[in-house]
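Visitor: Sequence:
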Amino acid sequence: MNGELDDLTRSQIQKLIKDQNVLVNGQPVSKTGQKVVANDKITVNIPEEEPIKAIPENIPIEVVYEDQDVIVVNKPQGMVVHPAAGHPDKTLVNAILYHCQINDDDVIRPGIVHRIDKDTSGLLMIAKNNLAKQSLMKQLKDKSNLREYLAIVHGNFKEKKGKITAPLGRSKFDRKKQAVVEDGRHAVTHFEVLEQFEDYSLLKLKLETGRTHQIRVHMQYIGHPVAGDPLYGPKNTLPGKGQFLHAQTLGFEHPRTHEWMQFSIEPPKIFQETLKQLRSQH
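For what it's worth, the numbering used here labels the leading residue of the sequence shown as 109, then goes sequentially.
Errors might be hidden in some of the hints.
To be verified - Lysine-lysine pairs mimicking BS3-like chemistry, simulated, CA-CA at most 25 Å apart:
(1) Lys226 to Lys343
(2) Lys226 to Lys285
(3) Lys241 to Lys285
(4) Lys280 to Lys123
(5) Lys285 to Lys249
(6) Lys123 to Lys285
(7) Lys226 to Lys249
(8) Lys312 to Lys236
(9) Lys314 to Lys249
(10) Lys285 to Lys343
(11) Lys314 to Lys241
(12) Lys226 to Lys312
(13) Lys226 to Lys266
(14) Lys384 to Lys268
(15) Lys349 to Lys314
(16) Lys384 to Lys349
(17) Lys123 to Lys139
(18) Lys161 to Lys123
(19) Lys251 to Lys268
(20) Lys314 to Lys377
(21) Lys285 to Lys312
(22) Lys343 to Lys384
(23) Lys123 to Lys284
(24) Lys269 to Lys314
(25) Lys349 to Lys285
(26) Lys226 to Lys268
(27) Lys161 to Lys236
(28) Lys384 to Lys269
(29) Lys280 to Lys246
(30) Lys266 to Lys285
(31) Lys198 to Lys226
(32) Lys226 to Lys251
(33) Lys251 to Lys236
(34) Lys226 to Lys161
(35) Lys271 to Lys314
(36) Lys226 to Lys377
(37) Lys343 to Lys236
(38) Lys377 to Lys198
Simulated from the structure, these hints should not be mistaken for lab results.
Construct all of the structure, not just a fragment, from the sequences and the given hints.
Guide: This is the structure in structure tokens:
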């Protein structure tokens, strides 16, 4: 039972009890401290969450490319991609709805075929119709698209290139984190060292798979956490607005024309200024 309820917080479980969604031997539990004995049958009914409907919001976004099928944007640091309980508005979906003059987020929401974290900047491809969605999702599954990142990480490397193959899943100790776990999902990250400084290195990373927090967890796993990472990095790190991780290059086959499309975007100003400082100190 514990494994099935790992995603629930104590307060969420208390609310389930209050709403009579926890039964012991078919009877609703009346209080949180109710004792159970061996062979008691405990049933937990978890109601489906009401989906959050996104509304168009006039939020400036940098459109790198757009046609009738796809839109490629440069997501800034600090912007959440998708509306959720903690971020119901001011997300990239809200901005895309306004930009595309669409009032129904059932059109755009499924088109978010991949995501990047709130404090990770860079390129995202978004499908504007079902043809594009099916094509882009297939390319992600087949690993035929291209996703390359820049990152400033802690420490130096002896090797110039490397491949990290380590399965990822939810941390058993902190539900907000992902971790390398034996029964996790297959995950592969390739890295190349571009520059090395006194205590940091600049890497180019290529995703072979796209798991939640993949680069951040894999870099922590090999002892080189991403600088500025509040979740997986040390407290003594580079000052910034979160992790120094940028989705720099994105490539895919166009869903309709089958032409290879490839885009690159420079990292945000704070990333470039930090690199300049590291180079000057080296």
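Visitor: Each hint should be assessed against the structure and marked as holding or not.
Guide: Comparing the hints with the structure gives:
1. Restraint check for Lys226 and Lys343: the C-alpha separation of about 19 Å stays at or below 25 Å, so the hint holds.
2. Taken as a hint, the Lys226 and Lys285 pair is honoured in the structure, with Cα atoms around 14 Å apart against an allowance of 25 Å.
3. For the suggested pair Lys241 and Lys285, the alpha carbons sit about 28 Å apart, so the restraint of at most 25 Å is broken.
4. Taken as a hint, the Lys280 and Lys123 pair is honoured in the structure, with Cα atoms around 23 Å apart against an allowance of 25 Å.
5. Between Lys285 and Lys249 the alpha-carbon distance is near 24 Å, which keeps this suggested pair within the 25 Å criterion.
6. Straight-line distance between C-alpha atoms of Lys123 and Lys285 comes to about 23 Å, which keeps the hinted pair within the 25 Å bound.
7. Of the pairs offered as hints, the one joining Lys226 and Lys249 holds, with about 23 Å between alpha carbons and a cut-off of 25 Å not exceeded.
8. The hinted pair formed by Lys312 and Lys236 fails the criterion: a straight-line CA distance of about 29 Å is larger than 25 Å.
9. Restraint check for Lys314 and Lys249: satisfied, since their Cα atoms lie roughly 15 Å apart, inside the 25 Å limit.
10. The suggested pairing of Lys285 with Lys343 holds, with an alpha-carbon distance near 16 Å, which does not exceed 25 Å.
11. Distance check on the hinted pair: Lys314 and Lys241 sit about 22 Å apart at the alpha-carbon level, within 25 Å; holds.
12. Restraint check for Lys226 and Lys312: the C-alpha separation of about 20 Å stays at or below 25 Å, so the hint holds.
13. With a CA separation close to 31 Å, the supplied pair Lys226 and Lys266 exceeds the 25 Å bound.
14. A C-alpha spacing of about 21 Å is found between Lys384 and Lys268, which places the hinted pair at or below 25 Å, so the restraint holds.
15. The suggested pairing of Lys349 with Lys314 holds, with an alpha-carbon distance near 23 Å, which does not exceed 25 Å.
16. Of the pairs offered as hints, the one joining Lys384 and Lys349 holds, with about 17 Å between alpha carbons and a cut-off of 25 Å not exceeded.
17. The straight-line distance between the Cα atoms of Lys123 and Lys139 is roughly 11 Å, inside the 25 Å bound, and the hint therefore holds.
18. Taking the CA atoms of Lys161 and Lys123, the gap is about 23 Å. The hint holds against a cut of 25 Å.
19. Of the pairs offered as hints, the one joining Lys251 and Lys268 holds, with about 23 Å between alpha carbons and a cut-off of 25 Å not exceeded.
20. Distance restraint check for Lys314 and Lys377: the Cα-Cα separation of roughly 22 Å lies within the 25 Å cut-off, and the hinted pair is therefore satisfied.
21. Restraint check for Lys285 and Lys312: satisfied, since their Cα atoms lie roughly 23 Å apart, inside the 25 Å limit.
22. Proposed proximity of Lys343 and Lys384 is supported: the alpha carbons are some 22 Å apart, at most 25 Å.
23. Among the hinted pairs, Lys123 with Lys284 is consistent with the structure: their alpha-carbon atoms are about 20 Å apart, no more than 25 Å.
24. For the hint pairing Lys269 with Lys314, the CA-to-CA distance comes to about 11 Å; that is within 25 Å, so the pair holds.
25. For the hint pairing Lys349 with Lys285, the CA-to-CA distance comes to about 19 Å; that is within 25 Å, so the pair holds.
26. With a C-alpha separation of about 29 Å, the suggested pair Lys226 and Lys268 falls outside the 25 Å cut-off, and the hint is violated.
27. Of the pairs offered as hints, the one joining Lys161 and Lys236 holds, with about 17 Å between alpha carbons and a cut-off of 25 Å not exceeded.
28. In summary, the hint linking Lys384 to Lys269 is supported, as the alpha carbons are separated by about 23 Å, within the 25 Å threshold.
29. A distance of roughly 31 Å separates the Cα atoms of Lys280 and Lys246; the hinted pair therefore is violated under the 25 Å criterion.
30. Between the alpha carbons of Lys266 and Lys285 the distance comes to roughly 29 Å, so the proposed pair goes past 25 Å and is violated.
31. Our distance criterion of 25 Å between C-alpha atoms is met by Lys198 and Lys226, whose separation comes to about 12 Å.
32. Note on Lys226 and Lys251: the hinted pairing holds, with a Cα-Cα distance of about 24 Å set against a maximum of 25 Å.
33. Using a Cα cut-off of 25 Å, the hinted pair Lys251 and Lys236 holds, with the two alpha carbons roughly 21 Å apart.
34. Distance restraint check for Lys226 and Lys161: the Cα-Cα separation of roughly 19 Å lies within the 25 Å cut-off, and the hinted pair is therefore satisfied.
35. This hinted pair checks out: Lys271 and Lys314 have alpha carbons roughly 9 Å apart, not beyond 25 Å.
36. In summary, the hint linking Lys226 to Lys377 is supported, as the alpha carbons are separated by about 17 Å, within the 25 Å threshold.
37. Distance check on the hinted pair: Lys343 and Lys236 sit about 40 Å apart at the alpha-carbon level, beyond 25 Å; violated.
38. Straight-line distance between C-alpha atoms of Lys377 and Lys198 comes to about 22 Å, which keeps the hinted pair within the 25 Å bound.
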